[in-house]
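Asks: Chains A and B are the protein sequences, given in the same order.
Per the numbering used here, the first sequence runs over residues 70 to 387.
Per the numbering used here, the second sequence runs over residues 4 to 300.
One or more hints might be untrue.
Simulated restraints on C-beta separations [stated by the list, open to error]:
| # | chain 1 | residue 1 | chain 2 | residue 2 | range |
| --- | --- | --- | --- | --- | --- |
| 1 | A | 290 | B | 32 | 45 to 53 angstroms |
| 2 | B | 8 | A | 290 | 18 to 26 angstroms |
| 3 | B | 28 | A | 112 | 28 to 36 angstroms |
| 4 | A | 148 | B | 283 | 46 to 54 angstroms |
| 5 | A | 204 | B | 143 | 40 to 48 angstroms |
| 6 | A | 234 | B | 7 | 41 to 49 angstroms |
Footprint (simulated), chain A over chain B, 3 or more residues, beta carbon under 8 angstroms [said to hold, decoys possible]:
| # | segment |
| --- | --- |
| 7 | 79 to 90 |
| 8 | 166 to 174 |
| 9 | 216 to 224 |
| 10 | 275 to 289 |
Once the Cα atoms are required to be at most 25 angstroms apart in a straight line, the calculated BS3-like pairs of lysine-lysine come out as [to be verified]:
| # | chain 1 | residue 1 | chain 2 | residue 2 |
| --- | --- | --- | --- | --- |
| 11 | A | 198 | A | 280 |
| 12 | A | 280 | B | 112 |
| 13 | A | 385 | B | 112 |
| 14 | A | 93 | A | 108 |
| 15 | B | 57 | A | 280 |
| 16 | A | 198 | B | 13 |
| 17 | A | 198 | B | 11 |
| 18 | A | 201 | B | 13 |
| 19 | B | 47 | A | 198 |
| 20 | A | 201 | A | 110 |
| 21 | A | 108 | A | 121 |
| 22 | A | 121 | B | 112 |
| 23 | A | 121 | A | 110 |
| 24 | B | 57 | B | 47 |
| 25 | A | 280 | B | 13 |
Calculated from the structure, these hints are not laboratory results.
Every residue gets a Cβ at the ideal spot worked out from N, C-alpha and C, and that includes glycine.
Residue-level listing of the chains:
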Amino acid sequence: MAQNHSQNPPGAPKGIAGAAAAGKESALSELLGAAMRAKRKASQGFAFSLFKIAAVINASALGLLLFFLIKNGYSAISWEFLSQAPSQSMTQGGILPCIVGTVSLAVGAMLFAFPIGVASGIYLSEYAKPGKFLRIVRLGINNLAGVPSVVFGLFGLAFFVIYLNMGVSILAGSLTLGMLTLPVVISATEEALRSVPSTYREASLGLGATKWQTTWRVVLPAALPGVLTGGILGLSRAAGETAPIMFTAAVFFTPHLPKSVFDQVMALPYHIYVLATAGTFIEQTRPLQYGTAIVLITLVLGMNLVAIIYRTHLRKKR
Amino acid sequence: MAAKRDIKEKGIQWLFVGVGMASLTLLTMIMIFLFMEGLPIFSKVSVGDFVFGKLWYPTYDPPDFGILPLIVASVAVTAVSSFIAIPLGVMTAIYLAEIASSRMREIVKPVVELLAAIPSVVIGFFGMVVIAPFIQELFNIPTGLNLFNASLMLAFMSVPTICSLSEDAIFSVPVELKEASLALGATHWETIHRVTLPAALSGISTSVILGMSRAMGETMVVLMVAGGAAMLPGSIFDPVRPMPASIAAEMAEAPFRGDHYYALFATGIVLFLFTLAFNIVADYISHRYKQVGAATL
Numbered sequence: 070m071a072q073n074h075s076q077n078p079p080g081a082p083k084g085i086a087g088a089a090a091a092g093k094e095s096a097l098s099e100l101l102g103a104a105m106r107a108k109r110k111a112s113q114g115f116a117f118s119l120f121k122i123a124a125v126i127n128a129s130a131l132g133l134l135l136f137f138l139i140k141n142g143y144s145a146i147s148w149e150f151l152s153q154a155p156s157q158s159m160t161q162g163g164i165l166p167c168i169v170g171t172v173s174l175a176v177g178a179m180l181f182a183f184p185i186g187v188a189s190g191i192y193l194s195e196y197a198k199p200g201k202f203l204r205i206v207r208l209g210i211n212n213l214a215g216v217p218s219v220v221f222g223l224f225g226l227a228f229f230v231i232y233l234n235m236g237v238s239i240l241a242g243s244l245t246l247g248m249l250t251l252p253v254v255i256s257a258t259e260e261a262l263r264s265v266p267s268t269y270r271e272a273s274l275g276l277g278a279t280k281w282q283t284t285w286r287v288v289l290p291a292a293l294p295g296v297l298t299g300g301i302l303g304l305s306r307a308a309g310e311t312a313p314i315m316f317t318a319a320v321f322f323t324p325h326l327p328k329s330v331f332d333q334v335m336a337l338p339y340h341i342y343v344l345a346t347a348g349t350f351i352e353q354t355r356p357l358q359y360g361t362a363i364v365l366i367t368l369v370l371g372m373n374l375v376a377i378i379y380r381t382h383l384r385k386k387r
Numbered sequence: 004m005a006a007k008r009d010i011k012e013k014g015i016q017w018l019f020v021g022v023g024m025a026s027l028t029l030l031t032m033i034m035i036f037l038f039m040e041g042l043p044i045f046s047k048v049s050v051g052d053f054v055f056g057k058l059w060y061p062t063y064d065p066p067d068f069g070i071l072p073l074i075v076a077s078v079a080v081t082a083v084s085s086f087i088a089i090p091l092g093v094m095t096a097i098y099l100a101e102i103a104s105s106r107m108r109e110i111v112k113p114v115v116e117l118l119a120a121i122p123s124v125v126i127g128f129f130g131m132v133v134i135a136p137f138i139q140e141l142f143n144i145p146t147g148l149n150l151f152n153a154s155l156m157l158a159f160m161s162v163p164t165i166c167s168l169s170e171d172a173i174f175s176v177p178v179e180l181k182e183a184s185l186a187l188g189a190t191h192w193e194t195i196h197r198v199t200l201p202a203a204l205s206g207i208s209t210s211v212i213l214g215m216s217r218a219m220g221e222t223m224v225v226l227m228v229a230g231g232a233a234m235l236p237g238s239i240f241d242p243v244r245p246m247p248a249s250i251a252a253e254m255a256e257a258p259f260r261g262d263h264y265y266a267l268f269a270t271g272i273v274l275f276l277f278t279l280a281f282n283i284v285a286d287y288i289s290h291r292y293k294q295v296g297a298a299t300l
């Protein structure tokens, strides 16, 4: 935005009043005008520096968090840490089962949420007509996005684990996480589809293609990068959530890596929580807690960074 | 041929309408199952005693199922975190939308997005091991795990929500309005606070409500940082036990389909209704006072 609008108002009318009146009075009002300008400029400077400080506080919060995690945890990271199971009541060894668990939960969630989310996005952008029905559908999506994560956990427990008899398992956890990430995929897809120029659609329809042929062969391929970005964001969201898997998938310890979707798993976020709050050796496992947090945050922020960079790249290309 | 094509098109269209309703269906199912598992508690305690009861001792004999301390704790952490998050989020949004150079935008915007992406358990962990000892020493209080610390951590979770939605709202104020104000001789700052902000007010309010809703529903932070005492707080340095924390902490040990289990689902209902109300109000504001262009003002 342009910033140089502050040199505006003339302090006193000039010229018209003529040379006769121009004397003491004009000089005084000019002085007053200059004082006013200075005051207005100062209040602008004050407000703007406040805003800048707010932005700096946000940035430094992120910096501080990363700094403390890395400073206290980098020594815990080693190949053994990433490739071994925990041992000696969690005080030794690594977090391989947690990594495997988190990856399978997140991928499982997207297997469910990605197709449904993309289809919902296509509906909203290409098929839906404005009206009461669409309003209700949108209200549903917005409210689903606002449901507290622990409520998803309760629902997963009541519906998937108990009612559908899946037990505490990867399947139940993935479905619960899938519901939670659905709105993420939907809004990313819708945004990507809407940014496809309407001339694409018109050209295809003009050639005699049906609506579906146009959507499938023209619009969707053009929007694909944006849609995939939504998929990555959903994946990272699913990987980082704790509360939804507490009652549906995650356990403190399993002796083996999961063999089927009906197995319970260890997961990175849950591992951090349990080690930090409920473990028998909270102090001894502190380095492991930091290490696990670093691994989780690298995974999640890494995926987000990829999505952000990719999206900026796409926007620039347009 | 043409008829077959038409039938296929119609079929596909209805398929999409069906899938489009998935979110709504899931939301309805969440409500149904919450109520199915939560309502049985009301055969033991009345709704009034449950919501306004001051004692939460679910494992005692006889047990007390009063969730007022949990509700008050949730409202308190949400309110205190809003005090921090609203100014911080809105001011950062103004900075990004109006003041920052495009270079700064390219740095600060991803930072805010990354802040939004940090897993809540990591923020909770940070609050526990770094902030709690710091607060404890600074204010010389018995525990750093308290209402204040939880609010601080929650603030940093709702700032990104408030910031990015507010920025969209500020950004979409028609440029004619700003130009008119500048042409009348207003400074950039006068234009922002007399023209741009009032015009973006509905969008900013929506963002604030959604940010508060996020703070209220957030689980891991309050579970790890709030201190966990199910009592009415007397000061902002008292440990508290907000609703999500209570559900998450106790569900594992609550006997299946016992009174405690039902009471936790009923707490879930209350929490769900709170966030639902927030979201519906936000939706109402954004539709009622929709910014469509200069003509609406």
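Asks: Hint by hint, note whether the structure agrees.
Replies: Status of each hint after checking the structure:
1. A:290 / B:32: 45 to 53 angstroms: violated (34 angstroms)
2. B:8 / A:290: 18 to 26 angstroms: holds (21 angstroms)
3. B:28 / A:112: 28 to 36 angstroms: This hint is violated: roughly 53 angstroms between Cβ atoms.
4. A:148 / B:283: 46 to 54 angstroms: holds (51 angstroms)
5. A:204 / B:143: 40 to 48 angstroms: violated (54 angstroms)
6. A:234 / B:7: 41 to 49 angstroms: At 42 angstroms between Cβs, range holds.
7. 79 to 90: It is violated: at least three residues are needed, and the segment 79 to 90 of chain B offers just 1 whose Cβ sits closer than 8 angstroms to chain A.
8. 166 to 174: With 1 residues in contact (Cβ-Cβ under 8 angstroms with chain A), the coverage given for the segment 166 to 174 of chain B is violated.
9. 216 to 224: With 7 residues in contact (Cβ-Cβ under 8 angstroms with chain A), the coverage given for the segment 216 to 224 of chain B holds.
10. 275 to 289: It holds, with 8 qualifying residues against the three required.
11. A:198 / A:280: OK: residue 198 (chain A) and residue 280 (chain A) at ~14 angstroms, within 25 angstroms.
12. A:280 / B:112: Roughly 37 angstroms separates the two Cα atoms, so the pair is violated.
13. A:385 / B:112: The given pair, whose Cα atoms are some 15 angstroms apart, holds under the 25 angstroms limit.
14. A:93 / A:108: Holds - the C-alpha atoms of residue 108 (chain A) and residue 93 (chain A) are around 23 angstroms apart, at most 25 angstroms.
15. B:57 / A:280: With a Cα-Cα distance of about 60 angstroms, the restraint between residue 57 (chain B) and residue 280 (chain A) is violated, given a limit of 25 angstroms.
16. A:198 / B:13: holds (15 angstroms)
17. A:198 / B:11: Since the Cα atoms of residue 198 (chain A) and residue 11 (chain B) sit roughly 19 angstroms apart, the hinted pair holds (cutoff 25 angstroms).
18. A:201 / B:13: Distance of about 21 angstroms is within 25 angstroms: holds.
19. B:47 / A:198: With a Cα-Cα distance of about 48 angstroms, the restraint between residue 47 (chain B) and residue 198 (chain A) is violated, given a limit of 25 angstroms.
20. A:201 / A:110: Roughly 49 angstroms separates the two Cα atoms, so the pair is violated.
21. A:108 / A:121: holds (20 angstroms)
22. A:121 / B:112: Given that 25 angstroms is the threshold and the Cα spacing comes to 13 angstroms, the pair holds.
23. A:121 / A:110: holds (16 angstroms)
24. B:57 / B:47: holds (16 angstroms)
25. A:280 / B:13: holds (10 angstroms)
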